[in-house]
Amino acid sequence: MFDVEKIRDDFPILSKTIYGNPLVYLDNAATSQKPRQVIDALVDYYENYNANVHRGVHTLSMEATDKFEDAREKVSTFINSESSDLVVWTRNASESLNLIAYSWGEANVHEGDEILLTPMEHHSNLVPWQELARRKNAVIKFIPMRGNGTLDMDKVDELITERTVLVSAVHMSNALGTINPVRELGEKAHQQGAKFLVDGAQSVPHMPTNVQELDCDFLVFSGHKMLGPTGIGVLYVKRDILNTMEPFLTGGEMVLDVSYQEASWADLPMKFEAGTPNIADSIGLGSAVDYLNSLGMENVRTHEKNLTTYALNRFKKADLDGMDLFGPDDPEIRGGVFSFNTVDVHPHDLGTFLDRKGIAVRTGHHCAMPLVRSLGVAATVRASFYLYNTEREVDILVDGVTEALRYFRDGSE
Amino acid sequence: MDQNNIDDIYRDRVILDHCRNPRNTSLLDHFDLTGDAINPFCGDEVHFQIGLRGENLIERIQFSGDGCAINMASGSLLSEAVTGLTVKEATQLSIRFVESMRKPIGENAEGEFIGELSALISVKNFPVRVKCALLAWSALEDALSKNKSTIEPDSLPM
Numbered sequence: 120m121f122d123v124e125k126i127r128d129d130f131p132i133l134s135k136t137i138y139g140n141p142l143v144y145l146d147n148a149a150t151s152q153k154p155r156q157v158i159d160a161l162v163d164y165y166e167n168y169n170a171n172v173h174r175g176v177h178t179l180s181m182e183a184t185d186k187f188e189d190a191r192e193k194v195s196t197f198i199n200s201e202s203s204d205l206v207v208w209t210r211n212a213s214e215s216l217n218l219i220a221y222s223w224g225e226a227n228v229h230e231g232d233e234i235l236l237t238p239m240e241h242h243s244n245l246v247p248w249q250e251l252a253r254r255k256n257a258v259i260k261f262i263p264m265r266g267n268g269t270l271d272m273d274k275v276d277e278l279i280t281e282r283t284v285l286v287s288a289v290h291m292s293n294a295l296g297t298i299n300p301v302r303e304l305g306e307k308a309h310q311q312g313a314k315f316l317v318d319g320a321q322s323v324p325h326m327p328t329n330v331q332e333l334d335c336d337f338l339v340f341s342g343h344k345m346l347g348p349t350g351i352g353v354l355y356v357k358r359d360i361l362n363t364m365e366p367f368l369t370g371g372e373m374v375l376d377v378s379y380q381e382a383s384w385a386d387l388p389m390k391f392e393a394g395t396p397n398i399a400d401s402i403g404l405g406s407a408v409d410y411l412n413s414l415g416m417e418n419v420r421t422h423e424k425n426l427t428t429y430a431l432n433r434f435k436k437a438d439l440d441g442m443d444l445f446g447p448d449d450p451e452i453r454g455g456v457f458s459f460n461t462v463d464v465h466p467h468d469l470g471t472f473l474d475r476k477g478i479a480v481r482t483g484h485h486c487a488m489p490l491v492r493s494l495g496v497a498a499t500v501r502a503s504f505y506l507y508n509t510e511r512e513v514d515i516l517v518d519g520v521t522e523a524l525r526y527f528r529d530g531s532e
Numbered sequence: 632m633d634q635n636n637i638d639d640i641y642r643d644r645v646i647l648d649h650c651r652n653p654r655n656t657s658l659l660d661h662f663d664l665t666g667d668a669i670n671p672f673c674g675d676e677v678h679f680q681i682g683l684r685g686e687n688l689i690e691r692i693q694f695s696g697d698g699c700a701i702n703m704a705s706g707s708l709l710s711e712a713v714t715g716l717t718v719k720e721a722t723q724l725s726i727r728f729v730e731s732m733r734k735p736i737g738e739n740a741e742g743e744f745i746g747e748l749s750a751l752i753s754v755k756n757f758p759v760r761v762k763c764a765l766l767a768w769s770a771l772e773d774a775l776s777k778n779k780s781t782i783e784p785d786s787l788p789m
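Going down the list, the protein sequences come from chains E and H. For any residue, its number in our numbering is found by taking its place in the first sequence, counting from 1, and adding 119. For any residue, its number in our numbering is found by taking its place in the second sequence, counting from 1, and adding 631.
Hints were generated in silico from the structure; no laboratory data involved. Cβ atoms here follow ideal geometry from the backbone N, Cα and C, with glycine treated the same way. A few of these clues could be false.
[As the list claims (entries may be wrong)] Examples of chain E residues lying across from chain H (beta carbon under 8 Å, computed):
id	residue
1	GLY495
2	ALA498
3	PHE527
[Stated by the list, open to error] Far from chain H, some chain E residues (derived; all Cβ distances over 12 Å):
id	residue
4	ARG174
5	ASN362
6	GLU381
7	VAL496
This is chain E alone, in the form it adopts within the complex:
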């Protein structure tokens, strides 16, 4: 049973007031809030079994190792990975992507090879490939976008050539909310022998994820956008690829045998986890996964789809003068992300006005500068929803924007 009011009680921060108004937190695409259960899991680790993992035979170290590996198992099951040794802990999705670019990319991308991306990539799934292409003299291509912020899939066949070694696509755009047809993209990539990478930073927190069904070669995502702590990210790689990859970082924890001259690598996944890992936050992410499972990811998606439908209607009804709402208007292919621009009121002024009403939104380019520029604006205002947001909060947002436009335009409240 998905009871949003009951869910809200689990999130201590949601009872905060900002300038005397109840907090309306709509910056979930940047980071999500944390339920009491996740906060407690962090405290429990530090208070009761803080120790380093994978070493020492003492009780605390064994308990920490168990819980740490247990969290990996939970994440693995959450994305339906074949096995938890294909789940590598990183700091965040950016680090996961850099790991792929440096380890797999250095070995497999050569001069003249092509990497196919979408125009709606976060900088994290753009800049590492630009840098790799620069080092290797490889070529980056982009799937064109239609006016409603969806990919022009008709162009994909001609864009994936025998020189294409990687197709990398964001599952859900953080700037537009667009949910891309990643399964279809993956099929097309594989038909030409290219590898397929899914950036799940915005999708894994909001909908069921099944790497075997997606048939992706790589999946990256971040813990803090899915109720978990900051500083913990995930990389999933198919076994036959992960087995061929060289370590990205070397040193402690990732070795099997070391002499003064050379070293051999530990088994998967530790080969890719040099140094003491982020134990507490891995365990925190495991707890976040438990929480999401208790709600059911199908239910989370349904709740957000309903909220998206409601918000689309509310914005349409408000019919705000000079306001452009970006992204597709079909809630089936759109997550709860509402990016908009108003012709004469700057996003920062709007953001400041909304903040004074307790409404937290993001303003700026959302780490997707080329995309936001292609919309013909320097910045947008973005409201993004999560499982604890309500229709009432959508009302407060739409009313707040309406009021702000009036305030800045003719000075009347």
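Could you slot chain H onto chain E? The hints should help.
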């Protein structure tokens, strides 16, 4: 109550007025100095053209820019404040203004800035927006630093 809060920043409508109707926007036929500043994080921009009388007096200034209300208002207010000042006076005003904006709230003397410029001090109630108010002053600094009389001959690149 919250409306009063928002008025802390867009105080007395000075900022909104200058944002909607920025002053000194006509391009100059002749100018001696130009200055630019861009904030790469938000895309805001400010540009000035300055026409001097003799080597030192700011006779005319033209402002153009793009960005939020505070940025636009700051550029417009600045253009009014420095018109008629010498380059040295404008530099001093700029230093004093930037220092004031960086001081903690409450440490500004009453009447530290005369006239409409004081409206910008209220932006300090929103620390994250202070850089919006300072961008125009960077552009002014850029322009004034190019004035021959302010450059030591020794420091010119050979």
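For each hint, the structure was consulted:
no., hint, verdict
1, GLY495, "violated, 12 Å"
2, ALA498, "holds, 6 Å"
3, PHE527, "holds, 7 Å"
4, ARG174, "holds, 43 Å"
5, ASN362, "holds, 42 Å"
6, GLU381, "holds, 45 Å"
7, VAL496, "violated, 9 Å"
Going down the numbered hints, you'll see the structure goes against 1, 7, while the others check out.
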